[in-house]
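These are the residues of each chain, in order.
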Amino acid sequence: MKKFIVHSSWFMVKICMVVLLLLSTINYQLPTVFAVDSSLSASQSADFRAKLKTLQDEIASKAAQLKNEVSKKLQNRAYVGFIINSSPISISINTEIATKSATINEFTQITSKGKVVKSVVAGEFVAALGDTDEAGVLTAKKIIKLTPPKKVEEKTIYGKVLSKTSSQITIQDLAKQSHILTVDDDTIFKTARNGDSTLKNLVVGSPIIAIGTLTEKNIIQVRFIYGF
Amino acid sequence: MLNLNSPDDNILVFDPDLLVAGKTSPGTVLILTLNSNDQILEISPAGDFSKTLKMDEGVNKLTISSFDNSGNNKTEKRTVYYSKEKI
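Residue numbers (my numbering), protein chains in the order written: chain X, 1 to 228; chain U, 1001 to 1087.
The reader is advised that the hints may include incorrect statements.
[As the list claims (entries may be wrong)] Here are some chain X residues pointing at chain U (derived, C-beta under 10 Å):
#, residue
1, F82
2, G130
3, E134
4, P149
5, V161
Bear in mind the hints are in silico, worked out from the structure with no lab data behind them. A virtual CB, placed ideally from N, CA and C, is assigned to each residue, including glycine.
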């Protein structure tokens, strides 16, 4: 048994020596390990970075342009109307469409008929000029007191001619309501393609557009008529 | 349809030339009123319109009304202040 164990061990040693000898003779190189960059080569990566930089520059340029446009929109504004509230530092103005606010500071110049005055009060008709902020509040560089406009009700009306005389036209609007229009020598008559016309050329039954002012008697004093 | 691209509302300008421009539906009649002076505005076949007008110093009120053949209309208004001197 002892002889067998000794023989087996010596045999294993021999086998190991043979293996080691064989391994030392093989030109064994470890494969090179590359860093993982599965999608891009070096040149493609550089190209991608260049395109990204171009895109970033374009976005920055457009953002600056947009900011400039927004800034321009806020500059040089005018609020015209009657003052409904006033204090030493601010006024509220009733413009055509909405009530607007304007602030007054030590640089605000207030004028009336070309002369500098100290203040404005509610009820006055003014033009406040300056720049606005994003909320639409105007910082007034100048407030000009103006003569209030005459109270007239402008009318622009479409209707079919029902009848006419030398100075009056009766029309019916889309709601089937009748309106009386008065014309005079100052009334301008136009047709398609801006052609000149006269009252004589108006055909009963044809549609017209009339622009004028509403008088107390609910009659429209017409200054302009367009005949289709 | 009536889109008035120029001028903006409530603006202060230092040039008396006012550009009125925008787009409406083809075939409509466009009437422009500047300070009670009325005129027909020509529109292109596509409905575009553009005209330069002379403003008075001070407050200028602009109204544009478009009418189709049935009398349906839309109106846009603008207030423009023209100052001869810069503020």
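A quick look at each hint next to the structure:
1. F82: Hint on F82 of chain X: violated, closest Cβ of chain U at ~13 Å, above 10 Å.
2. G130: 8 Å, holds
3. E134: 15 Å, violated
4. P149: 8 Å, holds
5. V161: 13 Å, violated
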